[in-house]
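Q: Kindly produce the complete structure, drawing on both the sequences and the hints.
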Amino acid sequence: MARTITVGLDGSAESRAAAEWAAREAALRQVPVRLLHVWQPVPEPMAEAPLLGAETHRHWTERIPREAAEGLRLRHPGVEVTTEQRAGAPAEVLLEAARDAELLVLGSRALGGLAGFLIGSVGQSVVARAEVPVILVRAGEQAVDEHVKDPAGIPSAATGFRPVVLGLDTDSPDETVITFAFEEARRREAVLTVVTGWNLPPYYVYSLAAGADLREDVIRERAAALTEVLLPWREKYPDVEVTEQSRLGSPANHLVDAAHEASLVVVGRRVRRNPFGVHIGAVTHAVMHHATTPVAVVAHD
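Numbering (my numbering), first residue to last: 1 to 301.
Be aware that a few hints might be false.
Restraint-style ranges between C-beta atoms, simulated for each label pair [unchecked claim]:
1. Asn-253 - Pro-32: 14 to 24 Å
2. Asp-257 - Arg-3: 29 to 39 Å
3. Arg-270 - Ser-250: 12 to 22 Å
4. Thr-179 - Gln-30: 13 to 23 Å
Hint data in this document are derived by calculation from the structure and do not stem from the laboratory.
Glycine included, each C-beta is placed from N, C-alpha and C at the ideal position.
A: In structure tokens form, the structure reads like this:
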């Protein structure tokens with residue numbers, strides 16, 4: 001697999017933010033960035049119109065990746081940036097391009113308020129089917145948003161990174177997702193905050209009826225399970241500082257809350273071979289739409 005980061009670029013504010021994020025990540029990984037613009041051929045009736053002809057359409061679409069690349073090279077002089085244009089259905093072209101990339105980076109736009117963010121049908125289809133990690137970046141996302149404030153409380157990209165947050169299911173932890181999160185924290189020299197949420201087991205109700213409150217026992221058991229899962233990874237990455245959060249309640253809510261102080265949120269998506277429908281998972285779906293920081297969706301078996 002070629003070591004490159006591919007960005008789906010359409011000229012929107014969110015895709016430009018995705019390109020900027022990709023360039024910053026490429027500097028950390030020391031890999032090139034490929035800006036991929038997918039354009040759909042103009043229908044024949046439109047192609048005959050003098051102002052909307054195929055040549056005019058192509059001219060404008062070629063400007064999008066060219067001008068974006070020029071800007072990235074100026075702002076990130078150490079990063080190699082290439083451009084590519086392909087014609088076809090956006091989701092299919094992006095999925096094909098992702099096969100030879102380390103990461104695929106896409107933008108998503110805010111809906112405002114409690115509605116969260118709009119991933120869109122193309123983005124959701126790509127996330128649900130891509131076998132490489134897909135990063136979702138919000139419009140307006142900047143480097144300073146990923147760093148802690150300076151001693152005077154002023155946003156700065158010269159300070160250390162905010163924590164990387166990993167959403168982990170201790171009942172079915174996956175090596176691919178955990179490795180990705182530890183590597184991202186290592187590259188940033190950031191704290192890795194591992195969050196797991198859980199509900200009380202059915203027998204808890206019966207214990208209350210019997211006059212015994214086992215809540216504290218369950219809390220200890222769940223915290224111990226998280227510590228046990230992470231022990232080999234702490235040993236493998238001794239330079240990564242890890243904090244553990246084992247909390248009662250919705251995993252998605254806890255992850256969205258943790259995202260407010262994070263530089264990146266990492267969640268998993270189980271690969272399903274069923275070709276019908278979109279399979280993302282309830283927790284990952286909620287984090288994609290409501291986390292305010294870039295989200296990495298990592299596919300795993």
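Q: None of the hints should be skipped; say for each whether it holds.
A: Now the hints, each set against the structure:
The hinted range of 14 to 24 Å is not satisfied by Asn-253 and Pro-32, whose Cβ atoms lie roughly 38 Å apart. Separated by about 34 Å at the C-beta atoms, Asp-257 and Arg-3 satisfy the suggested range of 29 to 39 Å. A C-beta distance of roughly 19 Å is found between Arg-270 and Ser-250, which places it inside the suggested range of 12 to 22 Å. Here the CB-CB span from Thr-179 to Gln-30 is close to 19 Å, well matched to the stated 13 to 23 Å.
Figure legend: structure checked against the earlier numbered hints; the only hint not met is number 1.
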